[in-house]
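Trainee: Sequences and hints are given; from them, build the entire structure.
Heads up: the sequence lines are chains A and B, in that order.
Using our numbering, the first residue of the first sequence is number 13, and each one after it goes up by one.
Using our numbering, the first residue of the second sequence is number 4, and each one after it goes up by one.
Don't read these hints as lab results, they were simulated from the structure.
A hint or two may mislead.
Unchecked claim - When the alpha-carbon atoms are kept at most 30 Å apart in a straight line, the in silico DSS-like pairs for lysine-lysine are as follows: (1) Lys99(B) / Lys149(B); (2) Lys43(A) / Lys228(A); (3) Lys569(B) / Lys153(B); (4) Lys212(B) / Lys43(A); (5) Lys189(B) / Lys74(B); (6) Lys379(B) / Lys311(B); (7) Lys43(A) / Lys214(B); (8) Lys140(B) / Lys189(B); (9) Lys215(B) / Lys43(A).
Unchecked claim - One-sided and incomplete, this derived list gives chain B residues near chain A with beta-carbon spacing under 10 Å: (10) Asn221; (11) Thr226; (12) Asn547.
Keep in mind that this is a model prediction, so the values were computed, not measured.
In this text, a Cβ means the ideal position worked out from N, Cα and C, and glycines have one as well.
Single-letter residue listing:
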Amino acid sequence: MKDKIIVALLTGLLSNTASAGGMEDDPIITKVMINQFETRITDGKDPLILEADAWIGKDLDKFWFKTDVERVNGETEELELQALYSRAIAPFWDLQVGWRHDAKPKNNKRDWLALGINGLAPYWFEVDSALFIGEEGRVGLRLQAEYEIMFTQRWILSPEAEVNFHSKDDEATGTGSGLSDTQLGLRLRYEISREFAPYVGLNWNKKFGKTEDYAKAEGEKTDDLQFVVGLRAWF
Amino acid sequence: MSNIILPGLGFNTEPESHSRRRFVKGLAAGGALMGLGISGLAHASAAVKGALFYPEELSGTNMDLTYSYSKVNFTGNERTATAINGGVPAPILRWKEGDTVTLNVTNNMAVDTSIHWHGIILPSAQDGVPNISDGFKGIKPGETFKYQFKLEQSGTYWYHSHSGFQEQTGAYGAIIVEPKDPYPFKFDREYVVQLSDWSDEDPDDIYRKLKKLSHYYNFRERTISDAWQEVNEKGWSKFWQERGMWNEMRMSDRDISDVTGYTYTFLTNGKTPAEGWTGLFKRGEKVLLRFINSAAMTYFDVRIPGLKMTVVASDGQYIDPVTVDEFRIGVAETYDVIVEPSDDRAYSIFSQAIDRTGYARGTLTPDAAMTIDVPKMDEAPILTHGDMGMAMSGMGHEGHDMGAMNNIKTDSSNTEKKKNTEMKCGANRVMTPKKATMDPTMDPTMDHSGHDMAGMDNAKMSKPAMGSGKAGFGSSSKVIHTESEFGPHVDMRADAAKYQLDDPGVGLRNNGRKVLTYADLRNLYKTPDPREPGREINLHLTGNMSRYMWSINGIKFADAEPLRLKFGERVRINLLNDTMMNHPIHLHGMWSDLETGDAQYIPRKHTVNVQPGSKISFLVTADAMGGWAFHCHLIYHMLGMFRKIEVV
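Mentor: Structure, rendered in structure tokens:
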């Protein structure tokens, strides 16, 4: 049903036009990107992470779906979903607007209006950042950037950084106001093909302020350096 | 999303697995033949005999051509081609100037098809472009379409499907039109040398991959060791200075071809590099080679080491002969060359892809058992700031000084030398979407309201454009980027584009060989229409590489109004390349009289290559009524970079 609505929306929104030779220069295309499917090796139970995006659409207009899942010991600890309409606003930039839903942690659901920017900054920084406006005056800001260093055409080292800020304390989800947490990653992948690349790397999570306090109260780590092994793939 | 690469320089010399694969495909079989020695000769000649395959030749005035799905195997894997009369390439058609030919084209495939007679002057209804040619809707499955037209010209041309991506999957063949009058040159023997690119991938998949990851096929990106090497050579400050523009533009100077030898096998007369195509000669003979680039996406740089080539025709039309060592043949162009092998030895017809990810090859030999080493490919080219249409300080060319004639003659062929001179590219030159201010004195009749560029292209410009140069010498109008060129669909604009007719192009500059350039082209005969152009039409070739979108003046075909030409008018078309790759622009139905600096002997072409970041002008006599296609001949660009022309 959801699929049907999407297809209907797409066909309405992205109208087809006639072309010479019966070819469409701008066909509807789908892409699924598993950016991180990895296990993080830590002192306790090793979490399994899935960070994936998918889009369907045309050159300038697309629907994006983003997901972040963390499972520990067979339990979903974190689950974030985003459904966004994405519109190209500059040669290298898309504006993304839509809905973010956090189904976890601790079954405290949160819904947000997401206003994001996704694209490629000068000097080849891949940026995916967003402002999230939630209920009860909650506002979140996520800044995320990634870079790629090519050792060869297939060995690629990719540092990335994510920083989260929040406007209000949200004890139920363990989120504190101000600078909440940062995540720094460094992954070395080998592209067996363009579409398929296993990798190893390091991931460092750190929580700050009230977020740190909430985590401590729960007996969670607030400063965790993890070794990661995973797979990057797209189709 | 576009690739993220380290700002570095120098290409990777590590043999990656894809290049190993190419090595196997490209060289091993040939090497095996060469290494055989006497005991292997029987094998060798058997293999060479296989290579003597030459497309079937049809001649006369009545021909039947049938499309069907045929099995082919160029790579070790069987694939299905959209073949004409069962072979790839399709038969060579030999016609005679003045004859009326009848061609019955039958479609035995499951999808619509068509044949376009590339470069042949004929009525619109016979031109074979579905929904563009007058009344032509394509040839439906099971149907036969009768083409009939009178041949008003002679020379080397070709034909191909104008439907879908069928040309990529084998729907192309050569046309030879014998002249009524004797040839203006002598030859003892002739061969068609038809170059093409084959992929085992479905072209729809290639197109989708490019849309998802535009550098999918480029395995020549800069690596950290390239950067390190460059820092060592030049020092950090120079390194950052030179990398700055590319990094800010988010473009790669290694981006030569969208689709490369990673997926392509390059063919000469349907023969892979491993097989090689062979043509025989007797010592002392003059051999006419009719080169045709029927590739979907690949430019070739052609040479025959040990032989000078005398170029006698371009796009089928005789030119004042020019003797060269090498020529670049854009997609869809043709060149006729005469060679005169004076030794009893084999010669390699070596056609390396412009990005050096592979080559097509053939052999000219007095004896099928005689072979020759395949030359080494040149280094992969790297684009310069000049190839981006950027001004370079100390070059004496101000951004907008596009004096017509003086620039044609300006030596721009030493651009690569200038790599070491200071280059200043204001960062905002290209990146900032700064709207160009229209100079109201330029052309008061221009309608630039809204985004209706087509309106601007149209016949509304009745007066001769101010500042237009004399016929044969190009335009001296200012370069203006219109509003429709600004937005997410266009990633660069060349602000200092200039005529560079005498530039052999990226990868061929200063290579120690005499390379043909457009500046060398002079018609053998006097310009038939010596009129001055009544007006100018400015068309900018635009795109967004990372989104893989292509357009003209920022407007893709699906959104564009037709360009209207008035029957009988003489008009100048100024093409400006706002991208970093070559685009071969093909006008159907009428000649493109290329302005190379001699009004008396203007060469006539059907396909005009526009170098990256440069401009070029040609004149058109609108002497053919009806609807015509006008487009980039790179198959994955043409869907957007396309206009319908209506002559009314």
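Trainee: Next step is simple, just say for each hint if it's right about the structure.
Mentor: Hints and how they fare:
1. A hinted pair counts as satisfied when its Cα atoms are at most 30 Å apart, and Lys99(B) with Lys149(B) qualifies at roughly 19 Å.
2. This hinted pair does not check out: Lys43(A) and Lys228(A) have alpha carbons roughly 40 Å apart, beyond 30 Å.
3. At roughly 24 Å between alpha-carbon atoms, Lys569(B) and Lys153(B) fall within 30 Å of each other, so this suggested pair holds.
4. For a cut-off of 30 Å, the pair hint linking Lys212(B) to Lys43(A) stands: about 10 Å separates their Cα positions.
5. Pair hint Lys189(B) plus Lys74(B) does not hold up; C-alpha atoms about 39 Å apart against a cutoff of 30 Å.
6. A C-alpha spacing of about 18 Å is found between Lys379(B) and Lys311(B), which places the hinted pair at or below 30 Å, so the restraint holds.
7. With a C-alpha separation of about 10 Å, the suggested pairing of Lys43(A) with Lys214(B) holds against the 30 Å cut-off.
8. Between Lys140(B) and Lys189(B) the alpha-carbon distance is near 43 Å, which puts this suggested pair outside the 30 Å criterion.
9. Restraint check for Lys215(B) and Lys43(A): satisfied, since their Cα atoms lie roughly 7 Å apart, inside the 30 Å limit.
10. Interface hint status for Asn221(B): upheld, as the beta-carbon distance to the closest one in chain A is roughly 9 Å, under 10 Å.
11. With its C-beta approaching chain A no nearer than about 5 Å, Thr226(B) sits inside the 10 Å limit, and its interface hint holds.
12. The interface hint given for Asn547(B) holds, since its Cβ lies 5 Å from the closest Cβ of chain A, which is under the 10 Å cut-off.
Violated hints for the displayed structure, listed by number in ascending order: 2, 5 and 8.
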